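S.K.: Chains as they are written, first to last, in the numbering used here: chain A, 1 to 204; chain B, 1 to 113.
These are computed hints drawn from the structure, not numbers from a lab.
Just so it is clear, the structure is predicted and the values come from calculations on it, not from any experiment.
Errors might be hidden in some of the hints.
Computed Cβ-Cβ distance ranges for the label pairs, DEER-style [to be verified]:
#1 K112(B) to E140(A): 24 to 34 Å
#2 K154(A) to H47(B): 23 to 33 Å
#3 S113(B) to T155(A): 15 to 25 Å
#4 G135(A) to M1(B): 49 to 59 Å
#5 A44(A) to L14(B): 24 to 34 Å
#6 P39(A) to N28(B): 22 to 32 Å
#7 Q50(B) to S137(A): 27 to 37 Å
#8 A44(A) to G29(B): 43 to 53 Å
#9 T112(A) to R46(B): 45 to 55 Å
#10 A44(A) to N12(B): 14 to 24 Å
#11 D143(A) to S113(B): 16 to 26 Å
To give an idea of the interface, some chain A residues facing chain B are shown, with a C-beta separation under 10 Å as derived from the structure [unchecked claim]:
#12 T36
#13 S41
#14 A44
#15 G97
#16 C109
#17 F115
#18 Y202
By construction, the Cβ of each residue, glycine as well, lies at the ideal position given by its N, Cα and C atoms.
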Amino acid sequence: MSHPHWIAVLSALLMAPLAVAQSNPDAAGSSSPSETLKPLSAFADIADDTQRARALFAEIGKVIQHPRCVNCHPRTERPLQGEDGALHQPWVVRGTGGMGAAGMVCITCHNTENFRNVPGHPRWHLAPAEMAWEGKSLTEICDQIKDRERNGGKTLAELGAHMANDALVAYGWRPPAHLEPAPGDQQRFGQLFHAWLEAGAYCP
Amino acid sequence: MAQCGACTVHVNGLPRRACVTPIEAVANGEVTTIEGVAGPEADAIRHAWQAIDVPQCGYCQAGQIMSAISLLQAKPTPSDSDIDLAMNGNLCRCATYVRIRRAIQSAAKEIKS
């Protein structure tokens, strides 16, 4: 049985006064391309496709291997957090569909957007185990993301669209204030990724 | 924030930590607190909590009960491991964890019977 809506609102207000009073918008929401991720033009002088692709993927790797990305691509059932990739506290697990354990799902704490120090997104969840990046070399990750058995069945074109446009990927550049955003921005990341595909998708 | 689980409520039937849930995120959702929670899982958990005398100081118990009910709604016959995974975000400084686990198992049996 549920309370009428006004009682629910009152209860929530009483139980979470700080939550209401100290809502904090994304500090990194206005991040723009920075010196942290090279532009496409930096690779224009590399004539050889293989060498250019490898150089591009090394740059892409700055994003892929950043804690904002790796923390939700863990090698175990447990997500990571922070800049040092510490095990998530409290103890949570991937669970069904990456959504957490029964009774302790991701959205128990994570909202549809960041709130104070808690990251958020409407599709907040962990990557499947076969997409783990934690502890892997860039070469291993490169081979993995091209493998449709380990990339969610995506073609390379679909992978490019995912990297450039996916809203959960975009979270990497819009973390809560206390967390460092991924290098550059998603637009530049997407451009580099497409250039890598066009150069032959060679791995470093 | 979201450090102890004592403020757990249900929003649209799923557990949520009120301390990290701005009211705008609830919008027109259905919020159920410890005072309003009902149903077979809630009844069984209440019975078990009383029979096993789970609480000590009681501070965390509202959140413990709300999480336990969510677990049984999602997984009617949880293993000890399932219980640990569902409940480890709910801290109890009196360390009533063993009784909490027993009470959830007891409630699951009551519902099944």
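S.K.: Each hint should be assessed against the structure and marked as holding or not.
M.R.: Hint-by-hint comparison with the structure:
1. K112(B) to E140(A): 24 to 34 Å: 46 Å, violated
2. K154(A) to H47(B): 23 to 33 Å: 50 Å, violated
3. S113(B) to T155(A): 15 to 25 Å: 52 Å, violated
4. G135(A) to M1(B): 49 to 59 Å: Violated - the Cβ-Cβ distance for G135(A) and M1(B), about 29 Å, lies outside 49 to 59 Å.
5. A44(A) to L14(B): 24 to 34 Å: The hint (24 to 34 Å, Cβ to Cβ) is violated, given that A44(A) and L14(B) are roughly 50 Å apart.
6. P39(A) to N28(B): 22 to 32 Å: Violated: the Cβ-Cβ distance is about 44 Å, outside 22 to 32 Å.
7. Q50(B) to S137(A): 27 to 37 Å: With a Cβ separation near 56 Å, Q50(B) and S137(A) fall outside 27 to 37 Å, so the hint is violated.
8. A44(A) to G29(B): 43 to 53 Å: 51 Å, holds
9. T112(A) to R46(B): 45 to 55 Å: 32 Å, violated
10. A44(A) to N12(B): 14 to 24 Å: This hint is violated: roughly 51 Å between Cβ atoms.
11. D143(A) to S113(B): 16 to 26 Å: 53 Å, violated
12. T36: T36(A) check fails; min Cβ-Cβ to chain B is 29 Å, beyond 10 Å.
13. S41: This interface hint is violated because 41 Å lies over the 10 Å limit.
14. A44: Check failed: Cβ of A44(A) comes no nearer than 45 Å to chain B, outside 10 Å.
15. G97: Result: violated, 13 Å to nearest chain B Cβ.
16. C109: For C109(A), the interface hint holds, since the closest Cβ of chain B sits about 4 Å away, which is under 10 Å.
17. F115: 6 Å, holds
18. Y202: Not OK, violated: Y202(A) not within 10 Å of chain B, min 42 Å.
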